[in-house]
Amino acid sequence: MIKTKNKPQAVIFDFWNTLVYDLPDVEEKRGKYRIEKIHEILVRHDIRVSISDVSFAYEAAGKMIGELAKNNRALTIREQIRLMAETIRFIPDRELIEKLEDAYNRANLLFLSPLVPGAEEMIESLFRKYKLGLISNTERSSGKHLTMAYHNLMKRFSVTYFSDERKLRKPHPETYLTTAAELAVDPIDCVMVGDDEEKDCTPAVVCGMRAILFADPKRGIKSDFSPQASTLSQLAQILEKM
Numbered sequence: 026m027i028k029t030k031n032k033p034q035a036v037i038f039d040f041w042n043t044l045v046y047d048l049p050d051v052e053e054k055r056g057k058y059r060i061e062k063i064h065e066i067l068v069r070h071d072i073r074v075s076i077s078d079v080s081f082a083y084e085a086a087g088k089m090i091g092e093l094a095k096n097n098r099a100l101t102i103r104e105q106i107r108l109m110a111e112t113i114r115f116i117p118d119r120e121l122i123e124k125l126e127d128a129y130n131r132a133n134l135l136f137l138s139p140l141v142p143g144a145e146e147m148i149e150s151l152f153r154k155y156k157l158g159l160i161s162n163t164e165r166s167s168g169k170h171l172t173m174a175y176h177n178l179m180k181r182f183s184v185t186y187f188s189d190e191r192k193l194r195k196p197h198p199e200t201y202l203t204t205a206a207e208l209a210v211d212p213i214d215c216v217m218v219g220d221d222e223e224k225d226c227t228p229a230v231v232c233g234m235r236a237i238l239f240a241d242p243k244r245g246i247k248s249d250f251s252p253q254a255s256t257l258s259q260l261a262q263i264l265e266k267m
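First residue of the sequence shown? That's 26 in this note's numbering, and the numbers climb one at a time after it.
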């Protein structure tokens, strides 16, 4: 029996460029900080390494992130640190791994990206009516530290699916289906909201959800996908009509 569409019970959001802008200059600052701090820690531990060696290892980890992304797979932050250690050719003990991981993650707390206008207010409003979930391809960030960095925004989400914690990335079907299952809502009663038609909206629809494309004019997004919102303030009206 085909389940008929009811009013949405849950709204699932993408993170980057839907709620928080992913700005290259901010990520560049994070990267510079990570490289410098990791270099400082290694030197203090009498590991002979140049900052260019650390930078090369950091870029190697980035390339691996990109390669795994082709199959919708992800690395944990600790795996990224271990990959850097292998590239530099040293074997870290547990204490050193933890120090390096802390330095890597701290960048997300020090260099914050701006919220998309109206994000906090919209989430607070929708929280009163819907279950809220979030799916994010975290790349070099950790879901734990994103939650800490954007606490006022994140506190209303009852389910989060971060790629560094779950090891899968959008648009893998499990990212959507697992989030719906943990929200205890059938996929057909979930609405996915994201800025990427191919990674957010279309795959969610394939999984049985409904979807809204956030076509932010600031980012020049143009698509025939329907429905779509050009501002977050339009979402509530679109959801009401579903």
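In short, the hints are calculated from the structure, not lab data.
Please note that the accuracy of each hint is not assured.
[To be verified] Derived pair list, reagent style DSSO-like, types lysine-lysine, alpha-carbon separation capped at 30 Å: (1) LYS54 to LYS266; (2) LYS62 to LYS154; (3) LYS154 to LYS124; (4) LYS32 to LYS95; (5) LYS88 to LYS32; (6) LYS266 to LYS243; (7) LYS169 to LYS124; (8) LYS224 to LYS95; (9) LYS124 to LYS54; (10) LYS54 to LYS154; (11) LYS266 to LYS88; (12) LYS62 to LYS32.
Verification of the hints:
1. LYS54 to LYS266: 42 Å, violated
2. LYS62 to LYS154: The hint is violated at about 44 Å.
3. LYS154 to LYS124: Answer violated: LYS154 to LYS124 is near 42 Å, above 30 Å.
4. LYS32 to LYS95: Not satisfied, since the Cα-Cα distance of roughly 35 Å exceeds 30 Å.
5. LYS88 to LYS32: It is violated: about 42 Å lies between the C-alpha atoms, which goes past 30 Å.
6. LYS266 to LYS243: 25 Å, holds
7. LYS169 to LYS124: Satisfied, since the Cα-Cα distance of roughly 16 Å is no more than 30 Å.
8. LYS224 to LYS95: It holds: about 12 Å lies between the C-alpha atoms, which stays within 30 Å.
9. LYS124 to LYS54: 20 Å, holds
10. LYS54 to LYS154: Violated. LYS54 to LYS154 sits at ~38 Å, over the 30 Å cutoff.
11. LYS266 to LYS88: 43 Å, violated
12. LYS62 to LYS32: Since the Cα atoms of LYS62 and LYS32 sit roughly 50 Å apart, the hinted pair is violated (cutoff 30 Å).
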